[in-house]
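Protein chains: 2
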Amino acid sequence: MFDKIIICAGAPHPALNYLDLPSDRICLIGVDGGAWQLVEAGYRLNFAVGDFDSVNQDQLAQIESASQEVLKYPAAKDDTDMEIGLELALSQDERCPIEVYGAIGHGVGRLDHLIGNLWLVYQERFRSLIPRLIFIEFDQMIRFFIPGNHSLENINDCHYLSIISMTPTKSLRIAGAKYNLEPTDFTLPRALVSNEFMDHHPISLSFREGLIMVIWEKGK
Amino acid sequence: MFDKIIICAGAPHPALNYLDLPSDRICLIGVDGGAWQLVEAGYRLNFAVGDFDSVNQDQLAQIESASQEVLKYPAAKDDTDMEIGLELALSQDERCPIEVYGAIGHGVGRLDHLIGNLWLVYQERFRSLIPRLIFIEFDQMIRFFIPGNHSLENINDCHYLSIISMTPTKSLRIAGAKYNLEPTDFTLPRALVSNEFMDHHPISLSFREGLIMVIWEKGK
Numbered sequence: 723m724f725d726k727i728i729i730c731a732g733a734p735h736p737a738l739n740y741l742d743l744p745s746d747r748i749c750l751i752g753v754d755g756g757a758w759q760l761v762e763a764g765y766r767l768n769f770a771v772g773d774f775d776s777v778n779q780d781q782l783a784q785i786e787s788a789s790q791e792v793l794k795y796p797a798a799k800d801d802t803d804m805e806i807g808l809e810l811a812l813s814q815d816e817r818c819p820i821e822v823y824g825a826i827g828h829g830v831g832r833l834d835h836l837i838g839n840l841w842l843v844y845q846e847r848f849r850s851l852i853p854r855l856i857f858i859e860f861d862q863m864i865r866f867f868i869p870g871n872h873s874l875e876n877i878n879d880c881h882y883l884s885i886i887s888m889t890p891t892k893s894l895r896i897a898g899a900k901y902n903l904e905p906t907d908f909t910l911p912r913a914l915v916s917n918e919f920m921d922h923h924p925i926s927l928s929f930r931e932g933l934i935m936v937i938w939e940k941g942k
Numbered sequence: 723m724f725d726k727i728i729i730c731a732g733a734p735h736p737a738l739n740y741l742d743l744p745s746d747r748i749c750l751i752g753v754d755g756g757a758w759q760l761v762e763a764g765y766r767l768n769f770a771v772g773d774f775d776s777v778n779q780d781q782l783a784q785i786e787s788a789s790q791e792v793l794k795y796p797a798a799k800d801d802t803d804m805e806i807g808l809e810l811a812l813s814q815d816e817r818c819p820i821e822v823y824g825a826i827g828h829g830v831g832r833l834d835h836l837i838g839n840l841w842l843v844y845q846e847r848f849r850s851l852i853p854r855l856i857f858i859e860f861d862q863m864i865r866f867f868i869p870g871n872h873s874l875e876n877i878n879d880c881h882y883l884s885i886i887s888m889t890p891t892k893s894l895r896i897a898g899a900k901y902n903l904e905p906t907d908f909t910l911p912r913a914l915v916s917n918e919f920m921d922h923h924p925i926s927l928s929f930r931e932g933l934i935m936v937i938w939e940k941g942k
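Quick mapping for you: the protein sequence lines, in order, are chains A and B.
Under our numbering, the first residue of the first sequence is numbered 723, with each subsequent residue one higher.
Under our numbering, the first residue of the second sequence is numbered 723, with each subsequent residue one higher.
Hints in this document: simulated from the structure, not taken from any laboratory.
One or more of the hints may lead you astray.
Identical chains blur together in the list; that is why a pair holds if it fits in one copy or across any two.
Keeping only pairs whose Cα atoms sit at most 27 Å apart, straight-line, the calculated DSSO-like set for lysine-lysine is [to be verified]:
no. : residue 1 : residue 2
1   : Lys940    : Lys900
2   : Lys892    : Lys799
3   : Lys940    : Lys799
4   : Lys794    : Lys900
5   : Lys726    : Lys794
6   : Lys900    : Lys799
7   : Lys900    : Lys726
8   : Lys940    : Lys726
9   : Lys892    : Lys726
10  : Lys794    : Lys892
Modelling step: build the complete structure from the supplied sequences, incorporating the hints.
As structure tokens, then:
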């Protein structure tokens with residue numbers, strides 16, 4: 723039984739200072755270079771997974787000695803390291819949140835990796851993870867929402883909130899924000915960016931059909 | 723008659739050294755902070771557009787004196803500055819390429835702006851621009867493809883090539899790459915990342931239905 727699953731992927735400078743203190747009820751998964759980031763920061767891992775082509779032999783040896791289990795895959799494989807990490811999260815068969823660090827790049831990782839990681843939520847096999855998944859970086863946080871009514875809090879003093887549909891959407895409504903939206907249908911994906919919180923009150927988001935990505939952003 | 727339309731948006735550090743030398747057959751559009759980047763680099767603009775909330779009064783005066791036409795919009799408006807820039811490109815009624823700098827952030831801009839700019843290709847009004855649109859940064863280049871047969875050259879010594887569908891896709895085929903794909907249908911958007919050029923030969927991409935984004939990436 724875990725309270726939380728934490729995955730750290732290999733993008734540079736993961737926001738590890740946002741990590742809660744480790745406890746035996748947290749499942750810590752290091753994905754490829756992310757495993758090394760965690761080990762270097764002094765954490766012991768439940769799992770290290772990946773092809774480890776981004777770490778050297780000495781780093782791999784340290785990862786192996788700091789991990790309960792190491793799953794090593796060939797570099798040329800169908801799944802990305804991150805997909806293997808999420809499969810592992812799925813296999814834990816928990817309902818707890820899944821926090822992912824170092825996956826959307828904090829602005830300095832590879833753009834194709836960023837897009838590839840966002841696109842994971844389109845995959846049928848990961849559907850059950852969508853409401854539990856949180857991407858966390860220093861300046862941004864991303865969550866995904868399925869149809870219903872949702873309350874979006876201001877977190878980490880993020881100034882901006884962008885509501886971005888990944889699919890066609892029905893009756894998308896935004897209330898309590900700087901820019902509100904009466905229930906509107908969109909037949910194609912639509913990015914409604916740079917909305918703002920009002921006096922730190924939560925923003926209401928509701929829709930009847932579709933898949934929404936929400937980006938909290940500190941602004942630069 | 724223009725040979726090329728160049729748009730510079732406001733993300734930090736646009737790859738201006740990739741810009742061809744100015745000529746009277748290039749239409750140069752500066753979008754908000756991007757107008758200042760161009761003026762500061764010594765260019766004269768055909769158009770400067772935006773709410774200019776990211777530049778100060780002195781910078782705005784310099785933009786005004788270096789631009790043939792300045793279109794100033796209120797900060798709270800329905801269209802983003804970039805959408806206004808693309809509308810302007812559309813109104814030129816040309817068939818030439820549209821190069822966009824400073825729109826996908828070179829890794830240091832806002833993530834929601836990056837996503838918002840990629841999502842522009844979903845908008846019906848910009849459909850005719852899709853095959854002409856090129857996003858250029860120091861480490862990346864992005865183009866969009868409609869159904870047909872396409873040859874993807876290695877440009878700027880980019881090591882990686884990622885083929886990412888923005889919609890469901892029919893008969894997607896990749897040939898001449900490190901990782902090839904026999905014609906495959908995808909019922910949901912799919913990111914095929916980290917493919918590689920072989921000996922600098924072009925990669926063949928073909929598909930029957932859908933919208934594909936291709937990212938050329940130097941790798942980090």
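task: Return the numbers of the hints above that this structure violates; sort them in rising order.
output: 7, 9, 10
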